Every structure is written in C-alpha cells, then in structure tokens.
Amino acid sequence: MQKERPYSLLDAATLGLYGGIAAIMIALVGMVDAFERKDIIADVVTMSQVLLSAMAFTPAFFAASRAQRTRGKGISLVAGAVAGSIAALLVALLALAIVPLNLRAVFVNATPVLVNELMPGDLEGIIGAVVLVAAGLVVGVIAALLTWLPGVLRRATIISLVSVTLIALLADVIAVVIPREVDRYIYRSNGLSVEGAITVFVVILVIACLWQVLQPKLNRAVANLPESRRQVLRFVTTIVLLALLFAAPALLGSYLSEVADLVGFYIVMALGLNVVVGFAGLLDLGYVAFFAIGAYTMAVLTTPELPLVRSFIPQLSFWAALPLAVLAALLAGVLLGVPVLKTRGDYLAIITLGFGEIIRLLVLSDALKPVMGGAQGVTGIARPEGFGLRADTPQEFYYLILISILIAWFITARLKKSRLGRAWMAIREDEDVAAAMSINLVGYKLAAFATGATLAGLSGAFFGSKLGSMVPASFNVLVSINVLAVLIVGGMGSLPGVVVGAIALIGLPELLREFNEFRWWVYGAVLVAMMLFRPEGLWPDAVRERELLEDHEPNVIDEDPTGLAKDATVPT
Amino acid sequence: MATLDIKNLHVYYGHIHALKGIDLHVEEGEIVTLIGSNGAGKTTTLRAISGLLRTPEDTSISHDGSELTQIRADQIVARGVVHVPEGRRVFSRMSVQENLTMGAYTRKNQQMVKDDLDYVLKLFPRLQERRAQKAGTLSGGEQQMLAIGRALMSSPKVLLLDEPSMGLAPVLVETIFDSIEQLNRTRGITILLVEQNAQMALQVANRAYVLETGRITMSGDAKAMLSDPKVIAAYLGL
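So the protein sequences, as listed, match chains B and L. Sequential numbering of the first sequence, starting at -13, is according to our numbering. Sequential numbering of the second sequence, starting at 173, is according to our numbering.
To be clear, the hints were calculated from the coordinates, so they are not data collected in a lab. Keep in mind that a hint or two might mislead.
Which bits of chain L does chain B cover? Going by a derived footprint, with three or more residues having C-beta under 8 Å, they are [said to hold, decoys possible]:
| id | stretch |
| --- | --- |
| 1 | 241 to 253 |
| 2 | 260 to 269 |
| 3 | 274 to 284 |
| 4 | 318 to 331 |
Since the model is a prediction, treat every value here as computed from it, not as a measurement. Here a beta-carbon is modelled for each residue, glycine too, at the ideal position from N, C-alpha and C.
So that you can see chain B by itself, here it is in the shape it has in the complex (with noise of 0.2 Å):
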C-alpha cells in the first residue's frame, strides 16, 4: 500500500478554490439569482444560500476529513476553515469587483441585485465581504466539526441534510402523496416550516443511522438462512414490489404517473441499449433511430392523415400496429447492422451516429412529407384500446409501460446469463480472442444490435401512442446520449442499474422545474462528478464493480521463477 502524504494547508486551499470558482459560476450563470425566491424552509433559508454553502461546505469536508486521516483533529478545523473560507473569499471578491469592473457586460447576471443578494443581510463593501469570508470560515468550521463524528451518524446527517434540502424542492409532488396534516405540518406556501425542517431531519437521521446499523445483520441473517427459504425470502420480496408497482399509479396522481411514464420510456429503452453496449461492448450512438423507427411506424400505420399512405394501408389500431413497429425497429436493426458491424469500437460509434441523424433527416424531409408527415410531423396517433378499456390517462398508460419493463427486463436478464449472453462478454473482453474461440462476431453482434433496436422500437410505439402526436424534433441525437448516459450512470451492464439511472437522470429533473433554466448545466456537472467518483455506475454490474475496481490494485503479473511450485498457495 503506498502511504498517503501527510495532508498540507496548500491543499485544503485548492480545494476551497475549486468551490469558490463553482460557487462563482453558479452565481454567474444566474442561479443564485433564479434561486434566491425559492425557501429551502420558509423566511429562513434560500436555495440560493443552500448552494452556496454547499460550495463552502464540500471542499472543506473532504479537506478535514484528510486532513484528520493523516494529521489529527486540530489540524482538521484548520483545514476545514481554510477551505470554507477561501471560498467564501473569491464570491466576496466576485461580490465586490461586479459593479467596478462591470461585469455586466460580459456576464449578463453579474447585475447590482446579484451583489445584494450574494453578501450577507444588508451588508455591502468591505463590511459584507468580511462577513461572508467569516460565514463561509464558520460553514467550513461546522464541515469539520461533522468529520469528527462517528461514521454511520457522519453519513446520516449528510444523508439528512440533502434530503431535507429535496424534500423542500419537491414540495409540490410530495404534498400529493403525502396525508393533508403532514402537509399542514411540514410545508408552508414556500418552502418547509421551521418545525417541519427540523422533523424531517430527525427523522431522517434516525431511519439512516439505523439502516446503517441493521443492514449488514439483515444481510447476514439472509446469507445464514438455507437455500430454500432464501428462495421463498426473494419471492416474497418480488411479489411486494410488483405488487408496490401496481398500485403505484393510484398513490402517484396523474402528474407523477406522467413523469413515471416518461422513465418508463427510458427504461425499456436503455435496457435495450444496454444489451447493445453493456453485454456486447458496441458503442451505438445513434439509438435513437430505432426509437423513432418504431414511433414512426406506429404513427403512419394508425392516423387517419396521410390520405397517400392510406390509399394503400387500411388505418390500424394500436394493437395490430405494434408488432409491425417493432418488426420495423428489428429488420432496420438487422440492416444497420449488417454492413456497420465490421468496424470496431470508434468507427462504429460515428457511423450509428450518422445512421441515427439520417433517419431524423429522412421523416423531416418534404420529399417524404406524404407518407411521414415532414416538420409538421403526424397528429391523431392511435391509442391503445380493447376489451372496452382505452388507455387515456398517464395512470393507464403506466401499466402498459410496466408490463413492457418487465418484459424487456425478462428478456435481457435471461439473455445475459446465457449462451449468447457469454459470446457478447467475450466479445466485449477481446474481439479477436472472441473470433479465435469460433464465435462468430457479426452473427453474435447483429444479434446483439436486434435485440437492442426491438426494444427501442418497443418503447418508441408506445411513446408515439402516449403522445397522440409526433414531430421529428423530438429524436434528435440527445435522446441517445441519454440513453447511454442513463447507462453510465446507472451501472454499464447492470439491470437496476438501468432503473435507477432513469430515475436518476430522466426522473428527478422532470420533478425538480426549478431547476429546469439549468438543466443541461446540472446534468453535465452531475455527469463529470460520476465519472470522478463513481465510476462504476449508482448500481453496478457485479463483474463491471470488479473490473473497475481492479485497476486502482497493482496488477499482479510478477513472475514465480520456481516454475510449478506445488506449495504455491492459492487465493479464494
């Protein structure tokens, strides 16, 4: 093991510099303005002063907490006020050079109302920058205060606070789940109340410190039991959650129906691309074609426009036009494929690439504005309906989507720990070992591409049905790189992994409008800090997890010049 260098001040100092110049662009790009209206909880704390603490706090809990590892407690708060304090410094700094230099010129949110609301109260000059370079001094204080405490109460409270801070953000969905008085009780009309904040934290703590605490013996009492009652354990838990799923929507009212929707679409068609990319290793970049191949399909097949189209096809509905979508996203696939499968790696992402802007170029075009319906796109996309019931609703449209989750999680889950499943991990590992093993690589791969299309263009066919409508603007090359970055986020290869990403990337933005000016600026720096930190993904594949973590170990490739030694010991 190498031993870590003994923690220096100059360090801590980076750190807080890297959260002051966060902090500035936050303030910079207007979110502290936009935020400064929102009460974490009400009349006391903004989201605008939540953030900014935030860039005071982090940088100084991780410079304490290093500090503490290799130099002890005193040296900690030192650290911890250093790093709070420093950035603290550079948003006074901003604060105090906006008007002089004028910023505004430049930055369009560096305005005299920013300068208010960055210092502290009503303080302005010298006197504010003071002050907020003692506030942040006193937040990184507190940052290091926290790194003393014991591990499983550190991680409740970090747990609590961001929860508390969510919970208030969330408001609106919340209050709909959630019983009238508890709503009473904790929510003002902006923000938690003060007893409501502080409830919410409690508790929180609470339930955290004692998951930390019982989980492990929960998980070895599970690992203790036999076989057959562990079996019975795992049905049980998979009925409740089904059983949880199905009754969702009616918790859920229709606007979260909505946004579980919206997941949903994601989820079916990440687990697709996931065979594509985590089972087989081939980077598709242009997913999204057969998304829209299979909207697309669904569309023209059952609008009663396109008077050309139907001179030949008789109108469908919903049911008769959904296996031909998929049948569509499959055989286009399978043509994709065959010709794009002979390049490898960085070849093959540009070229699906290119194949995912020609099919959105193709239904945009006025020369196949007849049968696709061009800019304007096609209206009056069938519904699905049969046995007297019509799927309306965002809460009926749930379960259609649930159902086609659990199939094409069936499927890959299935497909994964098969024969073909072992042929893609080859693949993946080593083409030309794959090739010398006898597999065949552009069966294996086009097989691999099929699925993953079908399933796109499962998902599309609903999607094309839910929205009723459909313009070409909305299978832009985004989407994909959505999808691939649910993937990522979620676990490459991993089936949860794929949920929880969709929740986590498509799910919680829907939810948190707040933030929607800001979307794509969160969600890159969202993205950024994974792959620093978390590279594996929120929920890993087990073999992924290892393959990830094995690289920070030294590998062990030195050679035994004793040749066969018998007595070499063998590690489990």
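Assemble the complex: chain B is given as a structure, and chain L must be docked to it using the hints.
For chain L alone, kept in the frame of chain B given last:
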C-alpha cells in the same frame, strides 16, 4: 499433401507491403517454427492464416486441401486451425474455468469437451490449482498456459502459436515449450510456432523458416539451422 499450405501470401497495411509473397507449408504432425526479428511479419503471417486479416486474390492458404482465405475467422477455427494470439490475451475478468469453457464454445459433444478439459488441466496442473481464480490475476506464465489450454479446448488440428515465450522467466519458457512438445507428441497436434526466442524454437521444431522484412530468406531442418553460421550470427546471438 501438406496439412497447411500457404502460397504467395501478400499482406498490405495501407501502402505498406508487409508480406511480399510467402510460400510455406506445414506437414501433419510437424512442429514448424517461423523465426525472425521484430517487424519481419511473423505475427502478420499468423493473423492472415487465422482469417483476422484480408489477403489479396492470388494468395492461397489451404488446410487439408480446402481454401481458408474465403471463409470467416470463426469458420477457420471450426476447421481446426486455432490461433493463440501473442501477449497472452486471456479474458481477464473471467475465471480460469470460464476461459477454458469459452474455448469449447461451439462444440456440441459435452463428453469430449470434458475429456479435453481434463487433459488441459493435467497438461497444466497450475491451472487446475487456480480454476476459480480470475484470469487477470494469474502470473504471465500461467496466463500463457491458459491461452494455450483455451485453444486446446476447441480441439485443434493445427495450433498457431504466437510468441509463447514473450516476457516470461527462462524457467517458465522451458515449461511452456515442454508442454508444446508434449501435446505435439501425445495428441498429434500440428504446430506452427512463431518465435523471437530462436534458440528455444529451433530446439523443439522439426523444420524452420526465417522471415526477414516480409520475405522468407531461409528454410530447412531446424537442428541444422541451429549450427548454421548465418542463423547463429543473426538470431542466436552467440
């Protein structure tokens, strides 16, 4: 009829003419070695045989009389011509056992696969000890054993070995070469061996070819070459 017969093999990497018309044949049951310095085209030759590279129209590579240049890499393996690539490319995240079963991916007869697995584990007892271990954590020598063992699992008639001695301690090189001789003798597997370690290669081989910048400059009996002054000066460093 030679089991592996190569006529007029040309390979181009863009404008670079890497192999300039090679003629080479390997008889059944032989160990033939291809020696030469860095960049002579040894690896390229093997990659062309196993179908990983494209060859021009007038090149002919045949195995037991049937042409290999027109079929895919995986079909060539199915014919029994199996390549062990250089640099011990094992599936590092799979266990030793999984690597070996990967080798028998397309074989149907489970009993024969099991017999071959037993044979490989007897040939390389070290792999037996480490069956459950991840291949990436094996030592270099063990990975080479695994790469060869994995190739054996596809029940090859001809084994194309690319630099099995690369980066290994001398003791391990001996072990590996002993195993190569053994599987040639006991299983009758024909071997085309590419080596930079000419000394070792010429000792185990029946015949040898010397490759220099894309051309074969010498060929003949391996033992005779060991005492050939030109070979000694250029490749044996004595």
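Which of the numbered hints are not met once you compare them with the structure shown? Hints that this structure does not satisfy do not exist here, as all of them hold.
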